[in-house]
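Sequence lines, in order, name chains G and P. Take any residue in the first sequence, note its place counting from 1, add 1194, and you have its number in this note's numbering. Take any residue in the second sequence, note its place counting from 1, add 1194, and you have its number in this note's numbering.
Certain hints may be false.
What the hints assert, rightly or not - Straight-line Cα separation of at most 25 angstroms, SDA-like style, residue types lysine to any residue; simulated pairs:
(1) P:Lys1201 x G:Val1442
(2) P:Lys1449 x G:Glu1206
(3) G:Lys1677 x G:Leu1434
(4) P:Lys1450 x G:Val1442
(5) G:Lys1201 x P:Arg1554
(6) G:Lys1197 x P:His1548
Stated by the list, open to error - Listing some non-contacts, in silico: residues in chain P with all C-beta distances to chain G over 12 angstroms:
(7) Lys1201
(8) Gln1225
(9) Thr1266
(10) Glu1331
(11) Tyr1384
(12) Leu1392
(13) Asp1393
(14) Trp1402
(15) Ala1428
(16) Thr1461
(17) Asp1652
Since the hints were made in silico from the structure, they are not lab data. Here a beta-carbon is modelled for each residue, glycine too, at the ideal position from N, C-alpha and C.
In case you want the letters, here they are:
Number of protein chains: 2
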Amino acid sequence: MLKAFVKPAKPEAEALEQERKAAQEKLAGFQMKIKEAGLPVMVIFEGWGTAGKGGTIRRVIRNIDPRFFKVTAMAAKPSEEELRYPFLHRYLKEIPEAGKFGFFDTFWMQEVVREKKKGALTEEAYHKWINSINTAERSLTDNGYLVMKFFLHISRKEQAARIKELQKHKDTAWRVNEEDLEENKLYDKYLDGYDRYLDDTNRSIAPWYIIDAKDAKWAELQVLRFLNQGIETALQNKALAVPIRQNVFRLLPTKKLSEIDLNKKLTEEEYKKELEELQDELRVLHNRIYRKRIPVIIAYEGWDAAGKGGNIKRITRALDPRGYVVEPIASPEPHEKARHYLWRFWTRLPKDGHITIFDRTWYGRVMVERLEGFCTENDWQRAYNEINEFEQELHNWGAVIIKFWVQIDKDTQLARFTERQDTPEKQWKITDEDWRNREKWDEYEAAVDEMLQKTNTDFAPWHILESNDKLYARIKALRIVVKELKKACDAR
Amino acid sequence: MLKAFVKPAKPEAEALEQERKAAQEKLAGFQMKIKEAGLPVMVIFEGWGTAGKGGTIRRVIRNIDPRFFKVTAMAAKPSEEELRYPFLHRYLKEIPEAGKFGFFDTFWMQEVVREKKKGALTEEAYHKWINSINTAERSLTDNGYLVMKFFLHISRKEQAARIKELQKHKDTAWRVNEEDLEENKLYDKYLDGYDRYLDDTNRSIAPWYIIDAKDAKWAELQVLRFLNQGIETALQNKALAVPIRQNVFRLLPTKKLSEIDLNKKLTEEEYKKELEELQDELRVLHNRIYRKRIPVIIAYEGWDAAGKGGNIKRITRALDPRGYVVEPIASPEPHEKARHYLWRFWTRLPKDGHITIFDRTWYGRVMVERLEGFCTENDWQRAYNEINEFEQELHNWGAVIIKFWVQIDKDTQLARFTERQDTPEKQWKITDEDWRNREKWDEYEAAVDEMLQKTNTDFAPWHILESNDKLYARIKALRIVVKELKKACDAR
């Protein structure tokens, strides 16, 4: 679409100034409406080097109260640290909260096109990235984000003139970087790359807007026109129901919770022997994982009092504390609630070579959030697919994903609840909420069955830990972790 | 996505039957809601030969009242007659009305994949078709259609067994066609083709749903699940505001109406001489057009009493009546209003080698419908782009598109209105509505200026006919038609 672009008719200076002012006022007027509607607005600027992305952002935000926006300038290349996370990570962690603007001086386009141009991406890898980006943008817009993407366009001649002008003066020369020079030299090739990227990512949910960026004021007005129109449209669509896509992932068969044999047991003796052996093995594996830079994600879900905490401890005791983190997940903080529900997990990922153990996870979306009405039916129905996409992204990055469901029966829970209540030093572990949840056992069981069935992918399968006997469950968990880490180490 | 598809877990016979009945009831319950909401629902079935598309449709519609649906079985190949229209034509003319279901036994997928497989489509042509399809599906959903696409999937082995079974009996053998045999022989290659097509057209606005079609009842239930979910979602989103995409078409500069010089004149003598010469040329050209099978679309818009009718007559007098049609466009009939606003134009296209002259056109969307509030602002804002896409589709098909704006000034209109009112045999030509429209002259003028500017593409540019002097306007129109037809004939 970039090659087909023809500059729109520019109004006369006076008319332009008048319209620009009116558009600025309109945008300013939207601040409170966005806030009230809880609409998160991402405004992404991409385009040619020296096209004036920073300047345009400065102009556009002039009348927006600083409480309502944040400007993020993405570095052209990920840092060493960022390279240890998935490609999308450094972008997604910057998404704005509901009711606020996030302005971005370049986003994931820049990195993809430049890597492709350098020959660092094969066709296959390019397609994978494009797919990741389209999926991420859809997941954002499906969850209520407005995503406005602007490409600031200038001609080769104009770019050359700007570079020359900047180089003239000592105090502006630093603003010309090697990429700009390279881009200008190979303008037509970069044009091909940008044009292709724009076509590949120009979806209805987050379309591209190309801006004639030769004149700064005129560029500002073009952006304001589209931005105001986009906001207006989004504000009209409150509580939008999004079509549920088919969950096309290779799903492994699952058992229903009611079919699980909970009589499995270990003697204290068997337990001790196995525990020691497995922990020794895990210790060695943790080292190999670290050296091979394999990221590991261990996710725990299960009934209250099922024994998650004790189970996790038996694993962490074998690990080097510098190489793992346990993330206990409670209800989201306000700043987390104000963002995409997966954001608080994206920002808690391990870097490569490290292990993160989640004590409760993103599956809250299809359990507690579903049953307590914290999200709409449309939201949780969509979530199975979104979660599979999320885990697939982590798998493609190279992560080992181990998901545990810690299972007990209703009687065992009651016994443990009662014991907690009757033991002063355990009383903190039992709350009214636990009792309330227990009343909804059947509803939870149905939701868990559905969850296990719809998210049991071959790249991130569920493992059931039969935990009426906690000893049995602990050894089983350790065995699975050892097996999976061994497999991953041997394969790389 | 087809290759990644894994069969969903099939419920036990009894549970399946129970859920199927409940889903059927739910679907039946949607009939009146769809009617009330004015929601048009397209349910498209594609898939392998012998996968049971017809049978599945029969099962799904069982409880729907015949007043609420229509089943259309698309022929695998276009007829000779249909080949004389654009590729999309035979499909788009079948779209359902608002408040009704349209069930389709195959749609445009089948034709594309088979043509590609046969080697009849180059990569470039394939991409063009995919682009046409994605654009058409977006235009439908943007204008309120729910589009549900199902792919009925069976294995090679299953297909072979079905073919064999059908061939056994004389009265079913005819149902196996050559395509089915070919598909089974080259199953893996067709799988590649279908998989690619599904990926290329799997957009959020109209996603694909793959159905495990081995068992008929189970296939029915899978379809019902998705269909009910899709309808439920669509019904929640009344009066959806759709993001306005950028109008990225090569636009030529335009004059504002106020800048047009209306003093141009011809003497009666000049007029007669030129008229005769041009009509002679046109007569010859009409013949060449016919033999070269070039479709021609001439579109007239202009003020009331601007002289459109007389102008058109001067053209048609030179044409062979077997080769042209004049389509006078008034307000849409109820069955037209109930469909996509371009539908009544899609169904009035000329076949190749023929000429259709539209006396008023699809531009009503951004003039009368805009100003009289017959559509929402979101609708007409989107329409410039949709209209350019529509005309581009016609251009790509090979059509010559000539668009006339017949311009007069306000005084001339008043004089002509008065003359009509005072001349008994012309009184039928003037109505109260004409006077009412005249009162809104300034609003119309602004809308026309915007329309000319936003739809003046290089493949379908506007021509202004200065018609204060009708003689001048007629000759100018003829000259343009002759020039454009000549250009087209010489080029092919």
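Going through the hints against the structure:
For the suggested pair lysine 1201 of chain P and valine 1442 of chain G, the alpha carbons sit about 9 angstroms apart, so the restraint of at most 25 angstroms is met. As the CA atoms of lysine 1449 of chain P and glutamate 1206 of chain G are separated by approximately 14 angstroms, the hinted pair is consistent with the 25 angstroms bound. Between lysine 1677 of chain G and leucine 1434 of chain G, the direct Cα distance comes to roughly 44 angstroms. Violation of the 25 angstroms bound is thereby established for this hinted pair. The straight-line distance between the Cα atoms of lysine 1450 of chain P and valine 1442 of chain G is roughly 53 angstroms, outside the 25 angstroms bound, and the hint therefore fails.
At roughly 29 angstroms between alpha-carbon atoms, lysine 1201 of chain G and arginine 1554 of chain P are farther apart than 25 angstroms, so this suggested pair is violated. With a C-alpha separation of about 33 angstroms, the suggested pairing of lysine 1197 of chain G with histidine 1548 of chain P is violated against the 25 angstroms cut-off. Chain G draws lysine 1201 of chain P into its interface by the beta-carbon criterion, the shortest separation being 9 angstroms against a cut-off of 12 angstroms. For glutamine 1225 of chain P, the requirement that its beta carbon stay farther than 12 angstroms from each beta carbon of chain G is met, with the minimum near 20 angstroms.
Chain G leaves threonine 1266 of chain P outside its interface by the beta-carbon criterion, the shortest separation being 23 angstroms against a cut-off of 12 angstroms. The Cβ of glutamate 1331 of chain P sits about 10 angstroms from the closest Cβ of chain G, inside the 12 angstroms cut-off, so the non-interface label is violated. Once the 12 angstroms rule is applied to beta carbons, tyrosine 1384 of chain P is consistent with being away from chain G; the minimum gap is 19 angstroms. The beta carbon of leucine 1392 of chain P is not kept farther than 12 angstroms from every beta carbon of chain G, the shortest such distance being approximately 9 angstroms.
Residue-level check failed: aspartate 1393 of chain P sits 9 angstroms from the nearest beta carbon of chain G, not beyond 12 angstroms. Not every beta carbon of chain G lies more than 12 angstroms from that of tryptophan 1402 of chain P, the smallest distance being close to 7 angstroms; the non-interface claim is violated. At the 12 angstroms boundary, the C-beta of alanine 1428 of chain P falls inside the reach of chain G, the nearest C-beta of that chain being 8 angstroms off. Every Cβ of chain G is farther than 12 angstroms from the Cβ of threonine 1461 of chain P; the closest lies at roughly 37 angstroms, confirming the non-interface assignment.
Taking the minimum C-beta to C-beta distance to chain G, about 9 angstroms, the non-interface status of aspartate 1652 of chain P is violated against the 12 angstroms cut.
Checked against the numbered hints listed earlier, the structure breaks hints 3, 4, 5, 6, 7, 10, 12, 13, 14, 15, 17; every other hint is satisfied.
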